[in-house]
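Chemist: The lines below spell out each chain.
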Amino acid sequence: MMMPLLLAAPLIGAIVNGLILRPATAKRAGVIASIAALTSFASVMVQHFAPDAGPFEWTWFTVGELTVKWSFASDPLTWMMCAVVTGIGSLIHIYSIGYMSHEHNAYRYFAYLNFFLFNMLVLITSTSLLGMFVGWEGVGLCSYLLIGYWFEDINKAKAGMKAFIVNRIGDAGFLIGIFICYQLFKTLNFAEIAKLLDTQTFDVRMLNLAAFFLFIGAMGKSAQIPLYVWLPDAMAGPTPVSALIHAATMVTAGIYLICRMNGLFLVAQDTSLFIAIIGISTALLSALIATSQRDIKKVLAYSTVSQLGLMFLALGCGAYLAAIFHVMTHAFFKALLFLGSGSVIHACEGEQDIWKMGGLKKKLPSTFLTFTIGTIAIAGIPPLAGFFSKDMILYSALTAKSYGTTFWILGLLVSFLTAFYMVRVWALTFLGEYRGDKHPHESPATMLIPLYILAFGSIVAGFLGMPEGLHLLPNYLEAFLHPVLGPLVEGHGALSEERAMAVATVSAIIACSLGFYFYSKPERSETPGKILVPFKTVFENKFWVDELYGLVIVKPFDALCAFFAKFFDPNIIDGLVLLPSKAAQGMGSLLVLLQTGIVQTYLLFFVFGLLVLFMVLLKGVVL
Amino acid sequence: MSNFSSVYWTQFIAIALIGLGMVGFLIRRNAIVVLMSIELMLNGVNLLLIEAAHRSGSADGTMLVVFIITIAAGEVAVGLGILLNLYRIKHSSDTELYKELQG
Amino acid sequence: MDQFDFIVLAVKTLVILVLIIQVVPVMIYLERKIAALIQDRPGPNRVGPLGLLQPVADALKLLMKEDPVPSNVNKFLFQIAPFLAVMPACLSLAALPLGDFFEIGDRKYLLQIADLNVGLLYIFAIGSLGIYGTLFGGWASNNKFSLIGAMRSASQIVSYEIPLALGVTGAVMMYGTLSLREMVFKQSGLLLGVLPNWGVFYQPLGFLVFFVAAFAETNRLPFDLPETEAELVAGFHTEYGSMSFASFFMAEYMAMTTMSAVMTTVYFGGWQIPYLSDEALFSMIGSRNILALIQVAVFFTKVMVFMCIYVWVRWTLPRFRFDQLMKLSWGNLIPIGLINIVLTAIGLYFWDKR
Amino acid sequence: MTDGIFIAIGIFTLLCGSSVILCKSPVYSAFSLILSFFGLAGLYILLESPFIAVIQVLVYTGAIVVLFVYVVMLMNPNSSGAYRNWIFMIVSAFLAWAVSLYLLKALTLGVAPAVGGAHALSLKEVATLLFTKYLWPFEILSIFLVVMIVAVFALAKQSKETPNE
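Protein chains in written order, with the numbering used here: chain W, 1 to 623; chain V, 1 to 103; chain C, 1 to 354; chain Y, 1 to 165.
Note that these hints are calculated values from the structure, not bench results.
Be a bit skeptical, because a hint or two may be false.
[Unchecked claim] In the BS3-like style, the derived pairs of lysine-lysine whose C-alpha atoms are separated by at most 30 Å in a straight line are: (1) C:Lys186 to C:Lys108; (2) W:Lys582 to W:Lys438; (3) Y:Lys124 to V:Lys99; (4) Y:Lys124 to W:Lys619; (5) C:Lys327 to Y:Lys157; (6) W:Lys361 to W:Lys521; (7) W:Lys195 to W:Lys298; (8) W:Lys158 to W:Lys521; (9) W:Lys162 to W:Lys619; (10) Y:Lys24 to C:Lys75; (11) C:Lys61 to C:Lys75; (12) W:Lys530 to W:Lys356; (13) C:Lys144 to V:Lys90; (14) W:Lys298 to W:Lys362; (15) W:Lys158 to W:Lys536; (16) W:Lys555 to W:Lys298; (17) Y:Lys24 to C:Lys144; (18) Y:Lys24 to C:Lys186; (19) W:Lys356 to W:Lys619; (20) C:Lys108 to Y:Lys124; (21) W:Lys361 to W:Lys530; (22) W:Lys362 to W:Lys521; (23) W:Lys530 to W:Lys298; (24) W:Lys162 to W:Lys356; (25) W:Lys542 to W:Lys530; (26) Y:Lys157 to V:Lys90; (27) W:Lys555 to W:Lys536; (28) W:Lys186 to W:Lys298; (29) V:Lys90 to Y:Lys24; (30) V:Lys90 to W:Lys582; (31) W:Lys401 to W:Lys298; (32) W:Lys162 to W:Lys298; (33) Y:Lys157 to C:Lys144; (34) W:Lys536 to W:Lys162; (35) W:Lys162 to W:Lys582; (36) V:Lys99 to Y:Lys24; (37) W:Lys438 to W:Lys363; (38) W:Lys156 to W:Lys555; (39) W:Lys566 to W:Lys582.
Work out the full structure, taking the sequences as your base and the hints as a guide.
Modeler: And the structure:
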């Protein structure tokens with residue numbers, strides 16, 4: 001019984017907020033939305049202890065021999081994802097009440113947020129690829145609506161559109177993937193597909209192709225190399241939105257898809273390798289860009305992209321458990337960091353440039369405390385969450401079947417850079433003197449409580465998936481997800497697990513100290529910029545990727561449209577339509593020549609007619 | 001005087017008159033001459049009728065000629081009236097100047 | 001038509017032509033004498049006894065004078081016009097019956113050139129050709145006055161042809177034939193014992209219309225507009241020299257003679273002597289030819305009487321204005337003519353004399 | 001012998017006819033028209049219908065051509081540019097010739113045998129025919145003539161109104 005409640009609660013919240021109680025104030029709308037989110041979180045908890053019987057489903061439509069059903073079920077993987085989504089979702093709803101208090105029509109924001117939650121849950125809980133695709137599209141729509149929430153500002157509206165279009169490109173690939181899957185397995189249900197993969201053998205090339213197209217869908221949604229450009233621009237939306245959608249939930253949909261279809265990806269080795277390569281290169285690229293960003297939210301956005309790159313590295317190497325574990329931990333500390341930056345921005349009345357902040361330690365003590373915990377977690381310092389999940393990924397990369405060591409080294413470099421730029425942001429915002437002209441003040445309680453809860457989460461989350469090697473705690477997560485994701489593959493890499501952990505920890509500590517050394521004192525904060533001068537401009541301009549896309553794709557496309565609009569349509573199509581009328585006019589003007597107006601020409605025609613008449617009448621007679 | 005060796009001659013002359021009249025009103029530019037050539041054609045027709053009446057002995061041909069002559073008189077009267085009006089407007093009787101009614 | 005008949009016909013034509021042409025000098029003389037008489041002056045008496053040689057002098061003068069042809073004139077038509085004027089006048093004599101007939105050997109020959117059964121119609125047809133002489137003459141001489149003169153005379157002659165024809169139609173209905181010869185025979189005998197059986201007593205109205213129209217046809221005085229000295233100098237024959245002018249003059253007089261002859265034939269019994277029928281006369285004289293001569297003499301006296309009336313009218317009545325002229329023809333004469341035809345029709349219906 | 005005269009007069013008429021259409025100045029065309037009508041009158045007489053001959057002379061030559069000459073005198077047109085351009089002349093000449101040829105052939109097809117013995121039509125017979133067999137055409141013709149007169153008056157009035165600019 002819990003499943004329908006899980007889905008219905010956010011939907012009802014969205015409808016109530018959006019359509020019925022429209023002129024509500026921000027507080028009232030926020031409370032309703034949060035209640036809806038909390039009920040769905042509660043139903044997830046209850047679901048764990050009293051699971052439903054079978055999948056909750058009813059038929060949607062039947063075409064030919066394919067009957068598509070709305071069916072929602074819960075298995076350990078779905079449960080875990082629902083827990084993360086609804087948990088962090090409700091925390092962010094509570095946080096938004098405070099954050100959106102001065103907005104005059106916030107009911108629209110809360111309606112979209114609830115609707116987003118509903119779509120995310122549909123995506124996670126549906127048992128068929130098509131159901132997932134519906135959720136997938138709904139989530140894309142909500143992210144567009146929320147990014148473009150302040151649509152009066154043309155740039156924010158453009159950012160919304162950009163996100164939507166790039167996602168759509170990914171979704172197109174996902175759709176093609178679904179078609180190929182249907183072509184191969186004649187069914188879209190995950191369980192049946194998994195069973196078929198075990199029993200029957202399919203053409204490997206087709207499997208690779210299906211996996212490749214599904215991965216394109218994942219790339220679009222989880223912002224990997226070619227389609228990541230929308231995530232940094234998505235920061236145009238309100239900060240809680242960035243926190244919820246672009247840190248915790250939506251971006252992880254791609255990873256959830258691949259974990260759900262792990263059977264297929266295990267067989268399609270070439271695609272998995274491809275995923276790994278794409279993952280690590282995205283991670284490296286965005287980490288480098290993050291080091292030189294001025295806007296606090298842009299830094300966090302690029303760090304999200306690089307963490308996602310690491311997750312995809314894990315998926316590429318077959319470590320689905322590591323990826324999911326990192327998804328969970330990353331959700332906690334990244335949401336924490338985003339909400340922290342949100343309260344900083346809230347305090348500095350919308351100022352986002354870290355070079356205009358500083359010395360906020362004294363003015364925002366609790367935000368400072370939680371932000372520091374988040375930074376330590378993401379840097380990967382033990383015993384916090386980031387260390388365990390990142391280490392599991394690095395170890396799995398190390399023990400991967402091909403190129404293991406190179407992946408591990410690059411992974412190490414990425415985590416080093418992550419630590420460095422996070423400490424840079426932390427130092428520039430909180431240490432030193434205040435460089436801005438605003439007068440910041442501490443955020444209200446509703447914003448701080450979620451920060452503390454998330455801080456506690458990012459400390460504890462790590463202990464759920466501790467590797468056996470440390471003999472401290474059993475790996476609960478591995479036991480819990482074993483039936484869905486299959487056994488943890490024991491590979492042998494260049495180093496043993498403990499030694500790999502040690503190396504990672506040392507590199508993280510060095511990065512933190514380096515970052516602290518440079519950015520704690522204002523006079524020394526310019527030096528890294530001077531050292532890396534040639535690279536700095538490259539990083540700042542985001543490797544000119546946006547400009548490249550504009551040049552390569554947008555401009556020729558515009559040219560093509562212009563060609564059709566200006567030349568092809570008016571001349572060819574209109575020309576054809578007008579042809580008969582012009583022909584008639586031409587004919588008319590010809591006949592006019594006959595009418596000279598002079599009587600004698602008419603007489604001539606008359607006599608000629610007479611002659612013809614005679615000829616006809618006297619045909620037989622020979623003159 | 002009653003009958004000729006061949007009827008051929010009168011018909012030849014009559015048709016020649018008709019032909020001349022036809023050429024006349026096609027060639028000449030002067031409207032009066034056009035009317036005259038029409039009269040010429042009518043006379044050609046009269047000659048044919050008289051010749052037929054003479055040959056067949058019936059009076060119908062003669063009566064028809066009388067009617068044709070009266071009608072021709074009326075026609076010339078009106079034709080010349082129109083011509084005079086045209087002349088008053090155009091100051092010339094050249095048919096090629098009366099071409100306002102063209103396409 | 002054997003050889004001899006042909007010769008007789010030729011001689012007859014010549015004689016009649018000469019006779020009619022001789023009328024012209026006589027008329028010139030008579031005209032001057034009567035004019036003088038009316039104006040109470042002696043008239044021409046210098047040339048020859050009692051001025052009798054005056055016409056010869058005039059004729060000689062006209063022959064001797066130079067016949068100039070102006071430069072900017074339409075040469076061909078200018079020279080043709082006089083002949084066109086004279087030609088119809090002569091042609092119309094062909095149908096006039098001067099007398100009954102004469103005999104040479106055992107064959108009888110009619111005292112007229114050709115007895116057409118459409119005689120009267122023929123005379124009118126040829127008469128209507130007279131217009132061309134004036135038209136071409138006036139137009140060819142290329143000056144405004146003669147052109148206007150020609151225009152006036154043409155329209156006058158055309159518009160008086162109709163009353164002329166209507167007048168005669170009454171008589172034709174009565175006689176039932178167009179041949180002049182039969183008309184004359186029909187007028188023999190007595191009417192009511194007292195009056196000679198002439199057309200005029202049956203057709204007084206018809207005669208009146210015809211009489212007035214005759215004046216207009218020949219451009220004689222009351223209808224003298226084409227040659228009015230005041231406005232048009234000499235009208236259509238202004239430019240013409242001696243002989244051409246003489247021919248126009250001759251044409252006018254011959255037209256007068258023809259009209260008088262037609263009037264005598266149709267209304268005054270032609271060569272009939274009032275109370276003497278031909279047979280009675282023949283019984284008295286005995287020879288057919290002498291009778292023919294007498295008939296011709298009677299015919300000519302009647303014609304001369306009419307000619308004198310022409311001249312008499314000319315010197316007494318003033319000239320019409322052009323619109324009066326037109327009004328007279330279309331307004332008065334034609335209606336009277338139509339009435340006359342209706343009356344004759346009624347008369348014939350009741351007293352079908354024939 | 002009469003054939004000879006007939007052909008002579010015929011040729012004379014045709015000559016005058018062709019001079020009607022060929023003379024440059026309309027006055028000479030009118031003059032040759034008169035001569036051709038005389039020729040025709042002669043032909044009618046030879047075809048033993050003097051009544052028609054006299055009517056022809058009286059009506060056609062006496063009235064219609066007078067109208068023509070009258071109008072020619074009023075207009076005194078210059079004789080420049082009498083004919084259309086060359087192509088027209090050749091084309092119309094050919095067309096007229098061809099049509100006449102066909103007419104001739106059509107007429108000679110239906111030649112009725114010469115019955116002969118035709119008597120010259122006297123005025124009495126014409127009159128009786130006019131009022132018996134052809135009464136209706138006669139009446140209609142009278143109406144036609146009245147209409148003609150009204151038309152000519154209208155045209156004359158119209159020409160008076162238009163200011164001769």
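Chemist: Are the hints correct? Go through all of them and say.
Modeler: A quick look at each hint next to the structure:
no.	hint	in the structure
1	C:Lys186 to C:Lys108	holds, 20 Å
2	W:Lys582 to W:Lys438	violated, 72 Å
3	Y:Lys124 to V:Lys99	violated, 50 Å
4	Y:Lys124 to W:Lys619	violated, 45 Å
5	C:Lys327 to Y:Lys157	holds, 18 Å
6	W:Lys361 to W:Lys521	holds, 14 Å
7	W:Lys195 to W:Lys298	violated, 43 Å
8	W:Lys158 to W:Lys521	violated, 38 Å
9	W:Lys162 to W:Lys619	violated, 84 Å
10	Y:Lys24 to C:Lys75	holds, 16 Å
11	C:Lys61 to C:Lys75	holds, 24 Å
12	W:Lys530 to W:Lys356	holds, 19 Å
13	C:Lys144 to V:Lys90	holds, 23 Å
14	W:Lys298 to W:Lys362	holds, 25 Å
15	W:Lys158 to W:Lys536	holds, 27 Å
16	W:Lys555 to W:Lys298	holds, 26 Å
17	Y:Lys24 to C:Lys144	holds, 23 Å
18	Y:Lys24 to C:Lys186	violated, 53 Å
19	W:Lys356 to W:Lys619	violated, 110 Å
20	C:Lys108 to Y:Lys124	holds, 27 Å
21	W:Lys361 to W:Lys530	holds, 27 Å
22	W:Lys362 to W:Lys521	holds, 16 Å
23	W:Lys530 to W:Lys298	holds, 21 Å
24	W:Lys162 to W:Lys356	holds, 28 Å
25	W:Lys542 to W:Lys530	holds, 18 Å
26	Y:Lys157 to V:Lys90	holds, 18 Å
27	W:Lys555 to W:Lys536	holds, 28 Å
28	W:Lys186 to W:Lys298	violated, 44 Å
29	V:Lys90 to Y:Lys24	holds, 20 Å
30	V:Lys90 to W:Lys582	violated, 38 Å
31	W:Lys401 to W:Lys298	violated, 35 Å
32	W:Lys162 to W:Lys298	holds, 16 Å
33	Y:Lys157 to C:Lys144	holds, 25 Å
34	W:Lys536 to W:Lys162	holds, 26 Å
35	W:Lys162 to W:Lys582	violated, 46 Å
36	V:Lys99 to Y:Lys24	holds, 22 Å
37	W:Lys438 to W:Lys363	holds, 12 Å
38	W:Lys156 to W:Lys555	holds, 22 Å
39	W:Lys566 to W:Lys582	holds, 21 Å
In this structure, the earlier hints numbered 2, 3, 4, 7, 8, 9, 18, 19, 28, 30, 31 and 35 are contradicted, and the remaining ones agree with it.
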